[in-house]
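With the hints as constraints, model all of the structure from the sequences given.
Below, each chain spelled out in residue letters.
2 protein chains.
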Amino acid sequence: MIRQISDRAGPDCISLGLGEPDLPTPEVIRQAAIRVINEERNGYTLQAGLPALRELVAADYPHMSLSPDQILITAGSQEGLYLALMTLVGPGDEVLMPNPGFVAYPTIVSMAGGSSAFYNLQARDDFSFDLADFKRRITPQTKVVICTSPSNPTGRAFNTEDLRGMAQAVADSGSNACIISDEIYRELYYTDERPASISEFYPRSIVISGLSKSMSMTGWRLGWICGDTEIIDSALVLHGYVTTAASTISQKAALAAWTPDAETARQHHRSIFHKRRDHLLAALRDEAGLRAVTPDGAFYTMVDVSSFGSSMEVAEGMLAAGVVTVPGGAFGSESEGFLRVSFCAAEARLSEGVARMKQALRACEKTK
Amino acid sequence: MIRQISDRAGPDCISLGLGEPDLPTPEVIRQAAIRVINEERNGYTLQAGLPALRELVAADYPHMSLSPDQILITAGSQEGLYLALMTLVGPGDEVLMPNPGFVAYPTIVSMAGGSSAFYNLQARDDFSFDLADFKRRITPQTKVVICTSPSNPTGRAFNTEDLRGMAQAVADSGSNACIISDEIYRELYYTDERPASISEFYPRSIVISGLSKSMSMTGWRLGWICGDTEIIDSALVLHGYVTTAASTISQKAALAAWTPDAETARQHHRSIFHKRRDHLLAALRDEAGLRAVTPDGAFYTMVDVSSFGSSMEVAEGMLAAGVVTVPGGAFGSESEGFLRVSFCAAEARLSEGVARMKQALRACEKTK
Chain A
7 MIRQISDRAG
17 PDCISLGLGE
27 PDLPTPEVIR
37 QAAIRVINEE
47 RNGYTLQAGL
57 PALRELVAAD
67 YPHMSLSPDQ
77 ILITAGSQEG
87 LYLALMTLVG
97 PGDEVLMPNP
107 GFVAYPTIVS
117 MAGGSSAFYN
127 LQARDDFSFD
137 LADFKRRITP
147 QTKVVICTSP
157 SNPTGRAFNT
167 EDLRGMAQAV
177 ADSGSNACII
187 SDEIYRELYY
197 TDERPASISE
207 FYPRSIVISG
217 LSKSMSMTGW
227 RLGWICGDTE
237 IIDSALVLHG
247 YVTTAASTIS
257 QKAALAAWTP
267 DAETARQHHR
277 SIFHKRRDHL
287 LAALRDEAGL
297 RAVTPDGAFY
307 TMVDVSSFGS
317 SMEVAEGMLA
327 AGVVTVPGGA
337 FGSESEGFLR
347 VSFCAAEARL
357 SEGVARMKQA
367 LRACEKTK
Chain B
7 MIRQISDRAG
17 PDCISLGLGE
27 PDLPTPEVIR
37 QAAIRVINEE
47 RNGYTLQAGL
57 PALRELVAAD
67 YPHMSLSPDQ
77 ILITAGSQEG
87 LYLALMTLVG
97 PGDEVLMPNP
107 GFVAYPTIVS
117 MAGGSSAFYN
127 LQARDDFSFD
137 LADFKRRITP
147 QTKVVICTSP
157 SNPTGRAFNT
167 EDLRGMAQAV
177 ADSGSNACII
187 SDEIYRELYY
197 TDERPASISE
207 FYPRSIVISG
217 LSKSMSMTGW
227 RLGWICGDTE
237 IIDSALVLHG
247 YVTTAASTIS
257 QKAALAAWTP
267 DAETARQHHR
277 SIFHKRRDHL
287 LAALRDEAGL
297 RAVTPDGAFY
307 TMVDVSSFGS
317 SMEVAEGMLA
327 AGVVTVPGGA
337 FGSESEGFLR
347 VSFCAAEARL
357 SEGVARMKQA
367 LRACEKTK
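Protein chains in written order, with our numbering: chain A, 7 to 374; chain B, 7 to 374.
Among the hints, erroneous ones may be present.
Per the computed footprint, the stretches of chain A lying under chain B, defined by three or more beta-carbons under 8 Å from a beta-carbon of chain B, are [claimed, not checked]: (1) 35 to 46; (2) 73 to 84; (3) 109 to 115; (4) 224 to 231; (5) 252 to 259.
Computed, partial: chain A to chain B, Cβ under 7 Å [stated by the list, open to error]: (6) G49; (7) Y50; (8) Y247; (9) T249.
These are computed hints drawn from the structure, not numbers from a lab. Cβ atoms here follow ideal geometry from the backbone N, Cα and C, with glycine treated the same way.
In structure tokens, the structure reads:
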């Protein structure tokens, strides 16, 4: 459904559809890669990944007291998600996931032979977590719960109260479910503090993350999963058959992501996206008169276009007007009537994108 | 079983166990990678891979008349193998594969819910293909046949007569089976001409290959699968959920693997391995009095140690003497009594390795 729109985008289109930072990979990472390409042999690493990299990742989750053996370096967080779900979910198992949520979750669950159930992030409440709804959805049969914070597609983050509530509800459910915490957007936040992780409140958590979004490293394919030893050990066996190991050059370059220079770059990228977010929200409101969700993190907002037609119809109209967005219906029933609009573009492009959106909506109104 | 030995190897061990070239990645590839890291944005490529790279790969198989859409770039040939088997094999399906053969084949088939059957590469005939045996093993129920040439673990290649015979036998079987041709070692050959591919003789072939072995790029994770449009389309969908895409930097660097400089490097690597092969075979025969298979390609030979004990016992003895080999039993019943010995080491190291092997065999004899 996402591709139905973006694959037909012409060269003059403004793409507000992508989930990929447009900023360059920080210099410190690139220079590290160049150095190892020049100076080192770059054969296979251990299948689990470079020990030095696993130690750096482990230190990012002090509350989990991870040994390096509890970290598995993957070819991007996508592989981490695939391994985690294939390891945890078997035929007939139920996975409880957010609606709206990342499109890959239910597909991989279905590949594993499991079934998907959904808890609502309420559209009427700007896609906030609804604990009462979550409690109704979790059952003793739930095998895995997926928690994505900040969220793709909404950009909303769970606050500490949400996370405590979710953790307690899972603990009370009698399910002994494992929580997969998809934290790929966690370093891109616009709140005062970095959003908390469910792993701080629920011990049976498997964290999925990587450097794609926060270090502009999508093409480098570098992610990780961490958590319970037994689960990571099983995922490691599958990983060996799926990809053997992540790229050695990407792994060695990733070591530089924990340096002060990388931290400066991370903060710089965050501030750029923060400004773009505010610019886009203001343009949507003031120029196009549209209601949009204020994201806590990631680089997406959800724009309410329910009065103009289905999200697919409106996204088609936007495409005709030269701007790519993603129909909210792709992410679940709760986000039908919305468009996911990303701010991975400079402010002038965002302004032009909103102008085209406005034009498209006028055309939608005429057709009605 | 491979790891039972190699994971216990001390720092002073000579490793003749690895399946990884020790030669550096050619300069032309490394400089291409450095250039794109310096000069270009390296976000996601299309999930199928860079169009320019797929065009280069397609041209390598002129007899298959491939369009770029029939090529899928993967995170190493391991991912290609995983995608091909998961796409082609369903619950209850039978896959016919070589004995001895690469250890990952039966495991992935089992993950896909299929069952493994085996055709023999006869140990008594230096692991040559035995068409009569193959004809007995293929049935109308065979869904997939795996053909590995040159072979891991034996280094033997199928000759043209073998390939014609296999193709005809599959066509005659009434199975309509697909043949997966694992050609990851095809550019490393010591015969006058490059070994032929089963895809030249059987249209329903899926070719798996990559640059890991011929370009010393194991750590770059760059491979491909190609063949029938419908199968590649299905594999592409799975690929999107498994890894999204291969490393962009590895893909862009791979474009240089079709330049004249890369061809020079490929020939140079091949001639180094050819000399090492001859050196190792002579040392095994003249110094240790051992019978070893003369490989047509790859960088392995199979050494007959059946008079000294089980392959596991002998490999344990070798490890105690400071040399890592792989027990043949790991690859199937037909190679029990053999060790796989690789020549990914300089000639002096190979000589020292053989000296230690000789010492270990003396100890084995004493124990008996």
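Looking back at the numbered hints, which does the structure fail to meet, lowest number first?
none
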